[in-house]
Amino acid sequence: MTGSTQAGVADERIKETSFIRKALIRPELGGIVGTIAVFTFFLLTAADSGMFNTQGILNWSVVSAQFMIIAVGACLLMIAGEFDLSVGSMIGFAGMLIAIFSVTLSWPVWVAILLTFAICIAIGALNGFIVIRTGLPSFIVTLAFLFILRGFTIFFPQTFERKTIIGGIKEAAEGDWLAPVFGGKIGGPIFTWLGDMGIIDVFERGTRAGEPVVDGIPMLIVWALGLVIFGHVLLTRTRFGNWIFAAGGDAEAARNSGVPVTKVKIQMFMFTAFCATVFATCQVMEFGSAGADRGLLKEFEAIIAVVIGGALLTGGYGSVIGAALGALIFGVVQQGLFFAGVESSLFRVFLGAILLGAVILNTYIRRLITGER
Amino acid sequence: MSDPIIQMKNIQKHFGSVIALAGVSVDVFPGECHCLLGDNGAGKSTFIKTMSGVHKPTAGEIFFEGKPMSFEDPRDAMEAGIATVHQHLAMIPLMSVSRNFFMGNEPVKKKFGINFLDQQKADEITMQEMRKMGINLRGPDQAVGTLSGGERQTVAIARAVYFGAKVLILDEPTSALGVRQTANVLSTVHKVREQGIGVVFITHNVRHALAVGDRFTVLNRGQTLGTAKRGEIEYDELHDMMAGGDELAKLVPELGKQGQ
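Taken in sequence, the protein lines are chains Y and V. If you count by the numbering used here, then the first sequence holds residues 5 to 377, one letter each, in order. If you count by the numbering used here, then the second sequence holds residues 790 to 1049, one letter each, in order.
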């Protein structure tokens, strides 16, 4: 804001906005407060459990990064006013496609990956196209795809391989140029150096004695951070970002103002599918196998992360940074409960509780912004 | 006055067997506020939709700046300089004023070969244009949802003017507003007119029309009941014309024949 904005006569009925109120209408607020709370809690209760040494940090970072990758897609799509409930099934489906192309059909892994991306993004576009054309809620259309894709994910491996898990992808990916982009690690020399300097733990004995326990940052984390930065810049710093907000805020008003709403929404469905495929590819490359049950419930976890991050379920409002913090809270709590020795089923209780709290807070914030009473 | 910016000559519009417009002629001069009055179903909406390119007239001619015009879709009309401000569906409450102002026409700035949103420019222009219209925002990042109905109309009008409207069609801008807010919108209309823009003001409130209009055209059942200049016509007369007034007796036997 500039000083000149106060040039005119101030309206005596408008109270000075307090700093707190201003901070409250930032979508990221819930995420920031939650992150601080969660870290404080686990620093107090689980500090000596190894949660905050190098392996511990890597452990919850990887889990958080997984959530982040799908949360970025879900976030942009939700701000554009739509949902995608087929994300979890898409993860299973994409992984299975890679396995079938590379193992069953013995195609090069890079061909399998690129082809899978193309197919999944096309399915995302189909989702979007059906939603826009029929005017049906995206909830119903993508719920249909949740079942359709999951069905194929179970059907394909049973038909071709007579099993529900296809392994041997690690071997197939040996020497492939594209596979390390999803399954590799970066920063190896730095970690070796850190290990040599005694800053991080190294293996005491065995064949890898002297090597650092953590020998690099998985590409999964690089993808997560890359997508968060991309999503944030796209949303807040570009014309297209403004169109995303407009399409979700009021599609009709946006159309009247010349925003290509249909294009924006379909592209966001495609981006969500892209994110799900990145998740699946990283997972397949890490495990070396694809399973028919991969990605179960991921669509809901992505949506919860986005909502914790301050986005409104009704669209038109939200933040990628907030969604990323929501994903971080998720990852830290899920792994933190394990480190703190708490029964892991309580994680679900936590999820439900925090989701409810976040939605109530968001509704209140929405009233603040729009001045509804 | 100079030549009219837009001339609508003998416009007819039929929807199937329904005659919505049966030969309406209206012209708008630069810097005038031409009020289009009429009761519900008089054909006001059909007429402005024809003017803004949503409908193609069944018969009749449109001259824009002296040249015959045929708009294929609203975008053609917008590019020619005919802007419509709808009563609803113009603003997105959750977005800031500056983001709303430039929605669909965002300014960009090239950095590293990528077109980024020029937020600073958008903010500055928004504040400047809103000040011209007499609205002092708390800041360009204020959400439109916190503005009153009248202020929202003003943002929409300021936006149309900034993006080069030569003819501004206001579709019942005051019908949902309180007295003070209506006054604000009418004063905005006056400011726009002073910039040499032709304003087409659609209303069924005679008082609002008389407060700001230069000429008044009354539509009734798809026909013009004549155009009057300011000072040549009184409130009661306009009101009677709108309601059908002395023609009511003639109309009754026709009811039901033509449908709605």
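Be a bit skeptical, because a hint or two may be false.
[Stated by the list, open to error] Cross-link-like lysine to any residue pairs, in silico, SDA-like; alpha carbons within 25 Å at most: (1) V/K845 - Y/P264; (2) V/K955 - V/K900; (3) V/K898 - Y/R243; (4) V/K910 - Y/K174; (5) V/K899 - Y/S65; (6) Y/K267 - V/E868; (7) V/K899 - Y/F244; (8) Y/K267 - V/E861; (9) Y/K267 - V/T1016; (10) V/K898 - Y/I369; (11) V/K899 - Y/R137; (12) V/K900 - Y/R259; (13) Y/K167 - V/Q908.
I should point out that these hints are in silico values taken from the structure, not numbers from a laboratory.
For each hint, the structure was consulted:
1. V/K845 - Y/P264: Distance of about 23 Å is within 25 Å: holds.
2. V/K955 - V/K900: It is violated: about 34 Å lies between the C-alpha atoms, which goes past 25 Å.
3. V/K898 - Y/R243: Holds, at roughly 10 Å.
4. V/K910 - Y/K174: Status violated; Cα separation ~52 Å.
5. V/K899 - Y/S65: The given pair, whose Cα atoms are some 35 Å apart, is violated under the 25 Å limit.
6. Y/K267 - V/E868: With Cα atoms ~21 Å apart, Y/K267 and V/E868 stay inside 25 Å; holds.
7. V/K899 - Y/F244: Roughly 14 Å between the alpha carbons, so the hint for V/K899 and Y/F244 holds.
8. Y/K267 - V/E861: Given pair Y/K267, V/E861 holds - Cα atoms ~22 Å apart, limit 25 Å.
9. Y/K267 - V/T1016: 44 Å, violated
10. V/K898 - Y/I369: This hinted pair is violated, its Cα atoms lying about 32 Å apart.
11. V/K899 - Y/R137: Distance ~35 Å between V/K899 and Y/R137 Cα, so the pair is violated.
12. V/K900 - Y/R259: Violated, at roughly 28 Å.
13. Y/K167 - V/Q908: 55 Å, violated
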